[in-house]
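A.B. asks: Sequence:
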Amino acid sequence: MFQFKKRCPRPTTYVKPTRLDRKEYGAASVMAEKGKTGYVGRLKDDVKKLERIKTELEEKVRKLEEKLKDHDENCQTKIHDLEEEIRRLKEEIKRLVEEIEKMEMKMKMRDLEESNTFLEEEVNEAKTEIGELKTKFGDLHEKIKKFELSEDELVIRQLCSSVQENLSRIVLRENFNEIQNKRTRYMEEYISSQIEGKKEQNEARSRWKKLKKEIKWDEYLLIQLKSVKKRGNDTSHPSLTEKNIDDAKMNLEEKGKLGKHNVKAVDQLKVIWTQTNGKLLQGTSSVGQEQGGPRTVSATTRQNCQDIRPPNGTYASKAAGGPGDCFGPKQVMQSFSRPAFQKRHYSGAS
Numbered sequence: 001m002f003q004f005k006k007r008c009p010r011p012t013t014y015v016k017p018t019r020l021d022r023k024e025y026g027a028a029s030v031m032a033e034k035g036k037t038g039y040v041g042r043l044k045d046d047v048k049k050l051e052r053i054k055t056e057l058e059e060k061v062r063k064l065e066e067k068l069k070d071h072d073e074n075c076q077t078k079i080h081d082l083e084e085e086i087r088r089l090k091e092e093i094k095r096l097v098e099e100i101e102k103m104e105m106k107m108k109m110r111d112l113e114e115s116n117t118f119l120e121e122e123v124n125e126a127k128t129e130i131g132e133l134k135t136k137f138g139d140l141h142e143k144i145k146k147f148e149l150s151e152d153e154l155v156i157r158q159l160c161s162s163v164q165e166n167l168s169r170i171v172l173r174e175n176f177n178e179i180q181n182k183r184t185r186y187m188e189e190y191i192s193s194q195i196e197g198k199k200e201q202n203e204a205r206s207r208w209k210k211l212k213k214e215i216k217w218d219e220y221l222l223i224q225l226k227s228v229k230k231r232g233n234d235t236s237h238p239s240l241t242e243k244n245i246d247d248a249k250m251n252l253e254e255k256g257k258l259g260k261h262n263v264k265a266v267d268q269l270k271v272i273w274t275q276t277n278g279k280l281l282q283g284t285s286s287v288g289q290e291q292g293g294p295r296t297v298s299a300t301t302r303q304n305c306q307d308i309r310p311p312n313g314t315y316a317s318k319a320a321g322g323p324g325d326c327f328g329p330k331q332v333m334q335s336f337s338r339p340a341f342q343k344r345h346y347s348g349a350s
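Here the sequence shown stands for residues 1 to 350, where the numbers follow UniProt numbering.
One thing to keep in mind: the hints can contain errors.
Pairwise CB distance ranges, derived in the manner of DEER restraints [said to hold, decoys possible]:
no.	residue 1	residue 2	range
1	126	274	56 to 66 Å
2	239	140	21 to 31 Å
3	131	189	45 to 55 Å
4	52	86	44 to 54 Å
No lab work stands behind these hints, which were simulated from the structure alone.
C-beta: ideal position from N, C-alpha, C; glycine also.
Go ahead and model the full structure; you've got the sequences and the hints to work with.
C.D. replies: This is the structure we're talking about:
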């Protein structure tokens, strides 16, 4: 690169240049001017070169920017696609989760349905068993109700039985049988079937006719008290006295179990019972006492069946398996006269 020569400092004193000096100075000036022109040209060349490089660089920059832009657009597209894919995957995951939950719910529901079916079957079986138990309980309750009687009802029932027994004892005398002679309505059948000999039968009929007239006997008295008698059973025989008969009558009347006519029937039966007891005590028949005490029977009856009724007048000991009558079930059925047997087994009356 062209460099200018340093000029020598001028002397402080003016020296007039010589001709030679002026010539040299002119040559130097020309050379200097030429050097400046070359330098400027070179500079211009450098500038052009730099401009070209700049243009190239700008072109490269532009291309790079375009590439970056394209790349950025591609990236944005890819990002958008990826975001869409993520969203789709999220939705798919959500759908799968919901499907799984539905399947789990269905499985649970199926298990619950199976469990419910099993439980329903168990409940139905339990209901059936409960129904059967209720039916059995109802039947037992009805049976218990049939055997449950108030003491008052038992007294009235026993009054009816005792009166009929006393009448039968008076009429039949030694032919009286405690097992089969229970109803006065069958007195004629008892006389015909149990007493041998026409004479003895006629005497018994005469006694029965006279007795009915004497005590003013009316079979309807028993019919009036049939509802109370039906509630009785063969295992309850309370003791009878005039006082407990009156007490039972008043109690049942207060409870509405005896009507006005029933009360009159009880009073009449009480009178008959008292009268027949008196006759039995006087010896008009074998032996008779108030119901509920120990009693003796005729020799004929004693041979057939020894009476071992306990002092309280019940047959509970027999029912419990204790000592009982010598009659078994077959003998009892055979010992009944036909009318009495039919009445006992088909009418349901006690």
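A.B. asks: All the hints need checking, so say for each whether the structure fits it.
C.D. replies: Against the structure, the hints come out as follows:
{"no.": "1", "hint": "126 - 274: 56 to 66 Å", "in the structure": "holds (59 Å)"}
{"no.": "2", "hint": "239 - 140: 21 to 31 Å", "in the structure": "holds (30 Å)"}
{"no.": "3", "hint": "131 - 189: 45 to 55 Å", "in the structure": "holds (47 Å)"}
{"no.": "4", "hint": "52 - 86: 44 to 54 Å", "in the structure": "holds (49 Å)"}
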